[in-house]
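A.B. asks: One-letter residues, chain by chain:
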Amino acid sequence: MLNIIRFSAIASMLFTISSAAFAEGIGKVKKLSGQVSIERSSGKVTPALGDAVYQTDRIVTGSDGYIGLLFNDDSRLAAGSNSTLALDKFNFDPATHAGAFDVSMQKGTLSVISGKLTQKQPGALKVKTPAAILAVRGTEFSVRIEDPAKEAKE
Amino acid sequence: MKNSLRISALLWLVMSLCGCGSYSKMVNSFAPPKQKSALVDQYEARADTLAGASPFCMKPEQKVQEIYMVMPEDGDKVGTVDVIFNDGNAAVLHGDYSAMALAGDEKKAFLGNESQLKEMFGVAVGALPKAPKTSLLYFLLGADELTAESKKDAELIYSDFAGRDAPEVLIVGHTDTTGPSARNEALSIKRAERVRKLMIERGITAANIEVSGMGERNLLVKTPDNKKEPKNRRVEITVR
Chain A
0 MLNIIRFSAI ASMLFTISSA AFAEGIGKVK KLSGQVSIER SSGKVTPALG
50 DAVYQTDRIV TGSDGYIGLL FNDDSRLAAG SNSTLALDKF NFDPATHAGA
100 FDVSMQKGTL SVISGKLTQK QPGALKVKTP AAILAVRGTE FSVRIEDPAK
150 EAKE
Chain B
0 MKNSLRISAL LWLVMSLCGC GSYSKMVNSF APPKQKSALV DQYEARADTL
50 AGASPFCMKP EQKVQEIYMV MPEDGDKVGT VDVIFNDGNA AVLHGDYSAM
100 ALAGDEKKAF LGNESQLKEM FGVAVGALPK APKTSLLYFL LGADELTAES
150 KKDAELIYSD FAGRDAPEVL IVGHTDTTGP SARNEALSIK RAERVRKLMI
200 ERGITAANIE VSGMGERNLL VKTPDNKKEP KNRRVEITVR
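The listed protein sequences correspond, in order, to chains A and B.
Residue 153 is where the first sequence ends in numbering that gives the first Met the number 0, and the numbering goes up by one at each step.
Residue 239 is where the second sequence ends in numbering that gives the first Met the number 0, and the numbering goes up by one at each step.
Calculated directly from the structure, the hints in this document are not laboratory data.
This structure is a prediction, so every number in the text was calculated from the model and none was measured.
One or more hints might be untrue.
[Unchecked claim] Derived DSS-like pairs (lysine-lysine); straight-line CA-CA distance at most 25 Å: (1) A:Lys119 with B:Lys132; (2) A:Lys27 with A:Lys115; (3) A:Lys115 with B:Lys132; (4) B:Lys221 with B:Lys189; (5) B:Lys132 with B:Lys151; (6) A:Lys115 with B:Lys76; (7) B:Lys189 with B:Lys226; (8) A:Lys27 with A:Lys43; (9) B:Lys132 with A:Lys27; (10) B:Lys76 with A:Lys125; (11) A:Lys127 with B:Lys62; (12) B:Lys132 with B:Lys221; (13) A:Lys125 with A:Lys88; (14) B:Lys76 with A:Lys119; (15) B:Lys117 with B:Lys107; (16) B:Lys150 with B:Lys196; (17) A:Lys88 with A:Lys43; (18) B:Lys117 with A:Lys127; (19) A:Lys115 with A:Lys125; (20) A:Lys127 with B:Lys107; (21) A:Lys119 with A:Lys88; (22) B:Lys129 with B:Lys117; (23) B:Lys107 with A:Lys125; (24) B:Lys189 with B:Lys132; (25) B:Lys129 with A:Lys88; (26) B:Lys129 with A:Lys125; (27) B:Lys129 with A:Lys115; (28) A:Lys27 with A:Lys119; (29) A:Lys88 with A:Lys27; (30) A:Lys125 with B:Lys117; (31) B:Lys129 with A:Lys119; (32) A:Lys27 with B:Lys129.
Extracted from the complex, chain B is given alone in its bound form (with noise of 0.2 Å):
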């Protein structure tokens, strides 16, 4: 009976001299180890669960003020985020869906999945606009044709700016060095715009087509003059 109460008297002082903080330590210790990120270990700050797991220590909620996540990339691509807090703290969030969750002073690493990305995220992800894309038509010697590949891939050139809300397209025409320079200039906007009125015929507005030529001077293979080279004479097309 003494010592029950010599423990219990004990384990009071022990509580209240060290506080809540060794309680839920002491409590928490019990539950197998918690998963971490490597990512806490890059920072400074407290990166553990909020306090207050005791019914005697119980915190006012604090909700979660700002979300940061690494979205997934293309290929072999990693995405990483330089973190400075305002507070002088530093995190680096690196590789896909790494996140970081701010309460307050709390400041949590985690990693995020598809489901919360489309939860926290969804309508300003699904409101980024596509990519730009930068495609090449190529053309016969000293001729506003197209090649018969293009003319394929130019079908592919019309459905992506189909997809497309409020598109612009800007053409660019080029020549290979046959012949004299200032033909070369005069042929290469006639090249571009042979495909802006390939363009106009399947609809697209004329007012956001932007056209120019290049003539000979910027050439995809560099040769010397007078040199034939199928893969100089091309139009340059970027849907944006």
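Just chain A, same shape as in the assembly (with noise of 0.2 Å):
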């Protein structure tokens, strides 16, 4: 039994590794300015545009910052300045529609227009903040979450 759980660990664990490593781009950076970082288990990389974002990838902005994206189901997403916004999963098939986009906000601003995936099954996009699970049934909205280190200091 404890042979099983352990092999499976590892096949998920393998598998996991695997999908990382050939990953597909699941949007491009449209919109970009002042200071943008992107954290990937490659490292820390700072963006241009036309560049693709990956999933699982944490992308932070500076005080003058913000970056848009558009994604393969054509979802839009923009993060303002000081914000932190992980793309956790991203999952499209371009001929049904059908998959979930997950994404988390820590900090900061986020704009987000629906796309494919939301138009197919409403609720398909999923914001998580600090307090609360967002699904999007359709289609625009903003996200402000303040920064609890910054109320901290005050």
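Dock chain to chain to rebuild the complex, using the hints, since each chain is given by itself in its own frame.
C.D. replies: Printed below as a string of structure tokens:
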């Protein structure tokens, strides 16, 4: 029994690693200004206009930064300054438009215009905040989360 | 004298038993009824204003920690977002500018407006990329020559392209069912290539253009074989 658990743990680990290694771009950087960095498994990068973004990317904007992203299902996400946005999960079948899109915000501002995923299935795009999960049925909304660290300093 | 003493004692008793809530309620009851959004009734959490109107009942001011706002939609579309809070409560934001603010455990539904949206989310809203746009250009029979009307439409595509950062173009050529399908495969690619060439002439970077041909395999108007159909002689251009 223990062996089975161990085996499946290793198998799932291997799967995670391999799927990350052959990750396809899930969207592209279409708007960019100021200080923006992307943390991914391979390290920290400074994005340029037109660059691809990947599942599990964590996007961090500085006090003068913003970024706008266009995803493969035509969803559009934009983060304002002092924001942290993680692209937790993106599955999209271009033929059927089925799939799921999960992002999470730690702080800052985020504007969302949902795409083909929520057209196919309302709620397929979810935004997780420290206090809630927002399931987007369609189509445009914004979220603002005050930075707890900043408040503690004040 | 004795009476007024008795009344004040009674007041004191009521205050101490019921706390500041009753005082706030009492004071608030003098005011006209508060405008409430219909949303307030959609979730169980308390949605009234922060207590502490009385100078005796000052609560530490709670900062707003999270704000959600539905943005105005084009046409008759209506925006909807389901909110599921970590404490198990749920709310629905429905319609232009319907919004919610969280401060600690307090949840307050409100109706925002354009200037609030700009003030609270302006930078992020401004950073949203343009929506991808797909257009159709039509061709003369058996040729890679655009129809007169499509030549004009092509100009609109160029100008849309110019207004985008890091633009990409996907060009897919198609034919009608006139002639052998193998020749139509070649013709569809020739049509797509023709549009690609026009794009590059307008200064669009070749590396950002993707071209493919579908021959007669993806008809816009379903027809039997060997049927002339102008609507099927087309190129689909998606600018994103």
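A.B. asks: Hints first: check each against the structure and report whether it holds.
C.D. replies: Structure-based check of each hint:
no.	hint	verdict
1	A:Lys119 with B:Lys132	holds (19 Å)
2	A:Lys27 with A:Lys115	holds (16 Å)
3	A:Lys115 with B:Lys132	holds (13 Å)
4	B:Lys221 with B:Lys189	holds (22 Å)
5	B:Lys132 with B:Lys151	holds (17 Å)
6	A:Lys115 with B:Lys76	holds (15 Å)
7	B:Lys189 with B:Lys226	holds (20 Å)
8	A:Lys27 with A:Lys43	holds (17 Å)
9	B:Lys132 with A:Lys27	holds (16 Å)
10	B:Lys76 with A:Lys125	holds (20 Å)
11	A:Lys127 with B:Lys62	holds (20 Å)
12	B:Lys132 with B:Lys221	holds (24 Å)
13	A:Lys125 with A:Lys88	holds (10 Å)
14	B:Lys76 with A:Lys119	holds (16 Å)
15	B:Lys117 with B:Lys107	holds (20 Å)
16	B:Lys150 with B:Lys196	holds (14 Å)
17	A:Lys88 with A:Lys43	holds (19 Å)
18	B:Lys117 with A:Lys127	holds (22 Å)
19	A:Lys115 with A:Lys125	holds (14 Å)
20	A:Lys127 with B:Lys107	holds (19 Å)
21	A:Lys119 with A:Lys88	holds (17 Å)
22	B:Lys129 with B:Lys117	holds (18 Å)
23	B:Lys107 with A:Lys125	holds (21 Å)
24	B:Lys189 with B:Lys132	holds (22 Å)
25	B:Lys129 with A:Lys88	holds (23 Å)
26	B:Lys129 with A:Lys125	holds (21 Å)
27	B:Lys129 with A:Lys115	holds (15 Å)
28	A:Lys27 with A:Lys119	holds (22 Å)
29	A:Lys88 with A:Lys27	holds (15 Å)
30	A:Lys125 with B:Lys117	holds (23 Å)
31	B:Lys129 with A:Lys119	holds (21 Å)
32	A:Lys27 with B:Lys129	holds (12 Å)
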